[in-house]
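Top to bottom, those sequences are chains S and E. So in our numbering, the last spot in the first sequence is 1165, and the numbers never skip. So in our numbering, the last spot in the second sequence is 392, and the numbers never skip.
Watch out, some of these pointers could steer you wrong.
What the hints assert, rightly or not - Below, simulated BS3-like cross-link-like pairs (lysine-lysine); rule was C-alpha separation at most 27 Å, straight line:
#1 E:K272 / E:K29
#2 E:K29 / S:K1118
#3 E:K296 / E:K42
#4 E:K284 / S:K1118
#5 E:K42 / S:K1118
#6 E:K296 / E:K284
#7 E:K296 / S:K1147
#8 E:K272 / S:K1118
#9 E:K29 / E:K42
#10 E:K272 / S:K1147
#11 S:K1147 / E:K29
#12 E:K284 / E:K272
Unchecked claim - Take a look, some chain E residues computed to stay more than 10 Å from chain S by CB distance:
#13 E33
#14 R56
#15 G62
#16 G110
#17 A139
#18 I156
#19 G171
#20 Q217
#21 R281
#22 G282
#23 E305
#24 E381
As the list claims (entries may be wrong) - In silico contact screen, one side only, chain S against chain E (beta carbon under 10 Å); selected entries:
#25 I1091
#26 I1093
#27 D1094
#28 E1099
#29 V1105
#30 A1112
#31 F1129
#32 V1133
#33 Q1150
No wet-lab data here; the hints were simulated from the structure. Yeah, the Cβ is synthetic: ideal placement off N, Cα and C, and Gly gets one too.
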Amino acid sequence: MMCLAVPTRIISIDGQMAEVDIGGVGARISIALTPAAKAGDYVLVHTGFAIEVLDEAEALETLQMLKEMQDSAQQAPGCSTAGQR
Amino acid sequence: MKFLDEFRDPALARKLLAGLECRATRPVRFMEFCGGHTHAILRSGLRQLLPANIRLSSGPGCPVCVTASSGIDRAITLARQPGVILATFGDMIRVPGGRPRGQINSLQEARAVGADVRIVYSTLDALDIARSNSAREVIFLGVGFETTAPTIAAAVVQAESERLPNFSVLSLHKLTPPATRAILDAGEVQLSGIIGPGHVTSIIGARAWQFLPEEYGMPCAVSGFEPLDILQAVAALVEMAMAGKPAVSNQYGRGVKPEGNVVAQELLKRVFHIVPAEWRGLGVVADSGLALRDEYRSFDALGRFPLPVEASQEPVGCRCGDVLRGVIAPPECPLFGRVCTPDNPVGPCMVSGEGACAAFLQYGV
C-alpha cells in the first residue's frame, strides 16, 4: 500500500479491465486511470490499477544517460574510493 | 525491455558510486520522501555504499505511519458497528491507535473480538464484497497518497454508476507536497535536496514539485525505485546542489510525465476536495488531506456513521513522529529493536512492510 507499483505487461483488454502477466502469473487489473493503454504495453500497477503506461523510449534514454555518467566517472581523477568498500 | 533488470546492474552502480564522491565537494544531506525509496536504499545497501559526504534521511512517505492515532481509533469504532464489514489494505490492521492500555487498540484486536475486518489488495475487491453482501455495510479504509487516492476515487465512481447503496469510504488520504513544505518550513533538518516520490509523481506530474526550487531554492530529483534509479537521482541532486542551480530533475521519465496522469487528477478532483489533515509527526497540515465532495456524500463513511471519537494519545516513548520528519534515524529511538519490534510494534513506523523503523531493523542497519 506504500506507493509500490510493479511494471507489468498487458496481455489483453476488455473494457476498463485488462489481463496482465505479473511474474508469470495472470491477473486482472483496471485500466480506468490509463484509458490509452493497449495490449502489449507495460504499465505500472498499483493496488489493482494501472497508474501509468511505461515509456520505452524514456527508459532507453535513462539507460543511455547512466552509461554516459559511468564513462565520465571513469575519467574523473582521484575519485576511486567510493563504491569499493 | 522488462523495465526492471536493466536498472539493477551492480557493476554500473559501483562505477556511478565511484564518480559521486568527488562530485560532492562538501557534505550534503538529501531526504527521500518516499518509504518505498527508504526500503530500496536499505535493501540494496546504498546507504552504506554512498560516500561519507552524502547522507540520506528518510521522510514522511509511509501512508500507514503518518495516519494519526485518531484515524485508527475512528476506523476501529466503525469496524465494531453492527452489520459493518471494514475492508482495508493489509498493514493497517496492525497499526496501534491511541486508546488507553487494556482497550481494543488496533483493527486486528477488533477482529479478534468479533469485528468483520477484511484485508483486500484493491478497492476492486472491496466493491466485490459490497456486491455480494447487500445486507451489510461495507466501509473501505481509504489510506494512501496521490498514488492510491485515484483508485479509491475510481471505486466511488464505480459504486455510484452501479448504485451500490452499501459501499462507503473513510477517507484518510494525504497529499505529499504540503507535507514536504511543512518539513522545510519547520527547519529542523538541514537538507540540500529532495528525492521526489516516483509513483506519487506519476499521478501529480514532475511540475508539481516546481515550488521546491522556486520557493525554497531546493533541488528535487524525481526517482524510480531500482538501485540505479536512486543513484542517478542522487547524482542529479549532487550536481544541482554543487552548482547552486536548484531545479526539478525528472530521473524517472519512463513512469513520470511533466504533467502527470491527467485522467487520474481529474478523477481526484471529481470525487474529493482538499481539506486540512492531521499527520502523525507533523500535526494538522493545511490543504494536505482529501475528503469526499458533497455530491458523493452518500459514499462518505463519516457522514453515514457520525460517531464520536474520544481524544487519542500517541504511544508513550515512541519517536515515530521524529523519524517521519527526518529529525532522527530509527536506531536513535530508545524503543527501537528492544521494546518495539515488527512482532510487537509500539508505533506505526515499525509495522511490518511499511515504515523506516521496520526497514532499518529488517536490513540490520
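Query raised in the report: Which earlier hints can't be squared with this structure?
Result: The structure conflicts with hints 1, 3, 5, 7, 8, 13, 15, 19, 21, 22, 24, 25, 26, 27, 28, 29, although it agrees with all the remaining ones.
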